[in-house]
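Asker: Chain by chain, the residues run as shown.
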Amino acid sequence: MRTSELRGSKRATALLRVAAAVMVISLGAGACGSNSSTPAGEGAEKGAAKQTKGGARAAVTLATDSQPRYGGRLVYGLEAETDGFNPVKNRWAISGTMIGLTVFDPLVAFDADQKPQPYLAASFTPSSDFKTWTFKLRPNVKFHDGTPLTAAAVKKVYDAHKQSGLTGAAFTPLERTEVVDELTVEFHMSSPWAAFPASLTGQGGVIPAPAQLDDQENSTTRPIGTGPFKFVSWNGPIYVGEKNPDYWRPGLPYLDAVEFRAIPENQSRMSSLLAGQLHMFHTTNGPTIIDIRKRADAGEIQVVEDLGETEEGFVMLNTSKPPFDDVRARRAVAYAIDRQAYIDAVGEGVNRAADSVFTPNTPWYLADNGYPEYDPATAQELVDEIKREKGSFSFRLQGGGVDSRNALSFLQQAFQNVGMDVEVETIEQSRYIVEALAGNYQANLWRQFGSPDPDFDYIWWISDNADDQLALNIARHANPDIDAALKKGRENPDPEVRREAYAELQRKFSELVPYAWLDHATWAIAANNKVRGIVNGPLPDGQPSYPIGGSGGFPGVHRLTQVWIAE
Amino acid sequence: MRFVWRKFAQLIVVVLAVTFLSYLMLSLLPGDLAQVKCGISCDQQSLERTREELGLNQPIPLRYVKWLGKAVTGDLGKSGTNQQPITEALQQRLPTTIKLLVFSQLIALAIAVPAAVIAAQRAGGIFDRISTTLAFAGLSAPAYVVAPVLVYLFAVRLKWFPATGTEGLKSFVLPSVTLALAEMAAYLRLLRSDLISTLQEDYITMAKAKGLSPREVMIKHAFRPSTFSLVTVMGLNAGRLLGGTLIIEVIFALNGIGSYIVQGIFSRDYFAVQAGVVVVAVGYVLINFAVDMLYAALDPRIRHARAIA
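So the protein sequences, as listed, match chains A and B. With our numbering, letter number 424 in the first sequence gets 429, and the count goes up by one each step, no holes. With our numbering, letter number 5 in the second sequence gets -8, and the count goes up by one each step, no holes.
Source of the hints: derived by calculation from the structure; they are not laboratory data. Predicted model only: the values in this text are computed from it and were never measured. Be a bit skeptical, because a hint or two may be false.
To be verified - For the chain B half of the interface with chain A, some residues (derived, Cβ under 10 Å), not all of them:
hint, residue
1, W(-8)
2, A(-4)
3, Q(-3)
4, V1
5, S33
6, L34
7, E39
8, W54
9, T60
10, D62
11, T74
12, P135
13, T185
14, Q187
15, E188
16, V249
Said to hold, decoys possible - In silico lysine to any residue, SDA-like type, Cα no more than 20 Å apart, as pairs:
hint, chain 1, residue 1, chain 2, residue 2
17, B, K65, A, A303
18, A, K94, B, K57
19, A, K167, B, R36
20, A, K94, B, L34
21, A, K94, A, L188
22, B, K65, A, L188
23, B, K65, A, N240
24, B, K65, A, R227
25, A, K299, B, Y139
26, B, K65, A, R96
27, A, K94, B, Y139
28, B, K57, A, E222
29, B, K146, A, Q272
30, B, K157, B, I85
31, B, K146, A, G304
32, A, K94, B, Q70
33, A, K535, A, G547
34, A, K167, B, K146
35, B, K157, A, G281
36, A, K94, B, Q31
37, B, K146, A, R227
38, A, K535, B, L34
39, A, K299, B, R144
40, B, K65, A, N534
A virtual CB, placed ideally from N, CA and C, is assigned to each residue, including glycine.
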């Protein structure tokens, strides 16, 4: 174990450069037996980094038995149920996307460099002005009902998205979709959209069969896709899929069947893994992750942590209402929070402190972006200044659901320490979201923005969406420089230009503080020692895949296409 | 027969009252099913449309009457979140909850009855004192504490039973035992004290005087008359247990009525919660109906009294 750790660490350094998204893999001694002497190969699936608390990085090799083994039924514990499998009508969070990627294939997937690559599409090419995208589809791909994948089927999906109250907003620039020939489809935009393919990696990019969309009665309950596993049954908490023998990716999938069980209790998922009812599960729960790490260190189980771009926890400030229509008030909030202390107190020290909307492990992250460091004295000065001018500095801090209680009381204390007058309240989750969209709040504890490609979050930051009755720009923060940066990032294909655009976005966020950052969420996947291929294997055209997360803008999501169970 | 009809009429009144009240409460709770359904990027227009589709624009009494009209024909509607017909979901889930209840009662009785009999025979003896103490511990330990301990010992460490799931009878052992622990303690204490007081009755002294062995006295003369309060409490408990399954089913990921209700509450799925509550209410009333019938069987005086009245 010790030697493989040392050997792995060199590999991991290389990997950090190769794979933009970094994750943690720790491997049980049991799985690290004689055949784990193979050093980690190229690509993210075989090696990774392990991070210990305090930022020290060690690494281990993931056991690679020589040959993948076919067969078996993998049981996966999800954190929540999903509301259905029609990508146009349902709302996939991480659990929904996990299932969705077994029955459907997305047109696009991220490679290890976080660049969109063809998946179900054979290729995609933009026009020079990035207002037209031509997607070629892979030939001889069949839906599970036997009908072929055609350009018409793809057009049908995007026509439906445009009509959808749920997903339409994500495709605002998309004007129309045209069938060019049997396997070619053109997307026409009203304005340049260079980052378009990045929107097609999850719910927005999967292609259900026309028969599914036409089935008024069962479109949400009977998914028909092209994916590695056909739909068998679903009763809410339990979803079962069986191997698609005609899958278009040769030799895949390895498993005979997948079963997803929604077990909302973190502790129950953990016990079920240890007692053998689950092969693997995912979690963001601090105490559970600590337990997983401990057991992984002891060799009992394996763990993979997504250290790529994940959701940020933050205090969202309503910039259209006092006191936070004043930038000094927003800065005071940022100065008042000791983020590491917050993480230690509220999340058992598991998450990483955030000073930006991106994690340091993404190419977009700007290190010295000017975000206010913890400085209670400066916060106090700002508060005093505002109080002198306006008489008071008081606001209500809200959180969604009772789970936010600890975080709220920590923050209340921090804000009171610098002289702010703070009331806290927890609100039931769905009302919390509506009230926030409607702008009926001052400061909200929030978690969002997990996409590896920043353009995915365009709709939440652009000024156009800041003044509607229900505003997607929930902070109601309108700023022309941010708009310019977002448009540049959307319209320009050059990675350097985009990076500079999003650097500007971060500088503006740090200067104007519509969001007071707290932490980057940690997604961990725990697996027993027999599971292999936990991180995404190579893409259809052979490029190393983004190892974990990213699909549909979600961290923690991975494909089960190349997962197999060792003997 | 009149007795049966009267109970039946009571059942209908109770079910109507329970369903209406729960309908009312759920509708008055904060949270908006339409918003949940419509999603975060939902504009006012689509929100209204969703609300209309779900019939949430109508006044609550009207919605209730419409719901009731369909419910009596067995159509409980579709889940507001995942579109599964609720009747189908309940059919899938009811057996799980029933198994859980039956097993837990059987386990509780299997331990409580013999223990109570032994304890009562030597009231104040060593067995009596130990079993009373243990029963007290069982009563005071809440299920959400007992469950993780049992899971850790018997699922994670010893791997005798699964930690979650509904495959086979094995997976019901830990949840049933968890539920049974508190029940068992209550039954033991109840039956023990009833037996002790029965054993002081004159007719027991008479039976002893006739030369019957203590065992015969216990089984033939003392046991049956001592079970009335036990049966009553079992009936009442069954209702409480139906509620107890909410926590237990969530912890053990048993997909029964309890976890269905919990899931429904979290996703503001009024129709699902409503249906779950009806099942619990009807179940409760039916069980107590059965208990009343059982009284009549256990104690002829009840039959006669009712016949006269």
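Asker: With reference to the structure, classify each hint as holding or not holding.
Answerer: Okay, the hints, checked on the actual structure:
no., hint, result
1, W(-8), "38 Å, violated"
2, A(-4), "35 Å, violated"
3, Q(-3), "33 Å, violated"
4, V1, "28 Å, violated"
5, S33, "3 Å, holds"
6, L34, "8 Å, holds"
7, E39, "13 Å, violated"
8, W54, "20 Å, violated"
9, T60, "19 Å, violated"
10, D62, "15 Å, violated"
11, T74, "13 Å, violated"
12, P135, "6 Å, holds"
13, T185, "44 Å, violated"
14, Q187, "48 Å, violated"
15, E188, "49 Å, violated"
16, V249, "8 Å, holds"
17, B/K65 x A/A303, "47 Å, violated"
18, A/K94 x B/K57, "26 Å, violated"
19, A/K167 x B/R36, "17 Å, holds"
20, A/K94 x B/L34, "14 Å, holds"
21, A/K94 x A/L188, "25 Å, violated"
22, B/K65 x A/L188, "38 Å, violated"
23, B/K65 x A/N240, "13 Å, holds"
24, B/K65 x A/R227, "15 Å, holds"
25, A/K299 x B/Y139, "16 Å, holds"
26, B/K65 x A/R96, "17 Å, holds"
27, A/K94 x B/Y139, "41 Å, violated"
28, B/K57 x A/E222, "19 Å, holds"
29, B/K146 x A/Q272, "16 Å, holds"
30, B/K157 x B/I85, "15 Å, holds"
31, B/K146 x A/G304, "18 Å, holds"
32, A/K94 x B/Q70, "11 Å, holds"
33, A/K535 x A/G547, "25 Å, violated"
34, A/K167 x B/K146, "51 Å, violated"
35, B/K157 x A/G281, "13 Å, holds"
36, A/K94 x B/Q31, "17 Å, holds"
37, B/K146 x A/R227, "36 Å, violated"
38, A/K535 x B/L34, "47 Å, violated"
39, A/K299 x B/R144, "16 Å, holds"
40, B/K65 x A/N534, "41 Å, violated"
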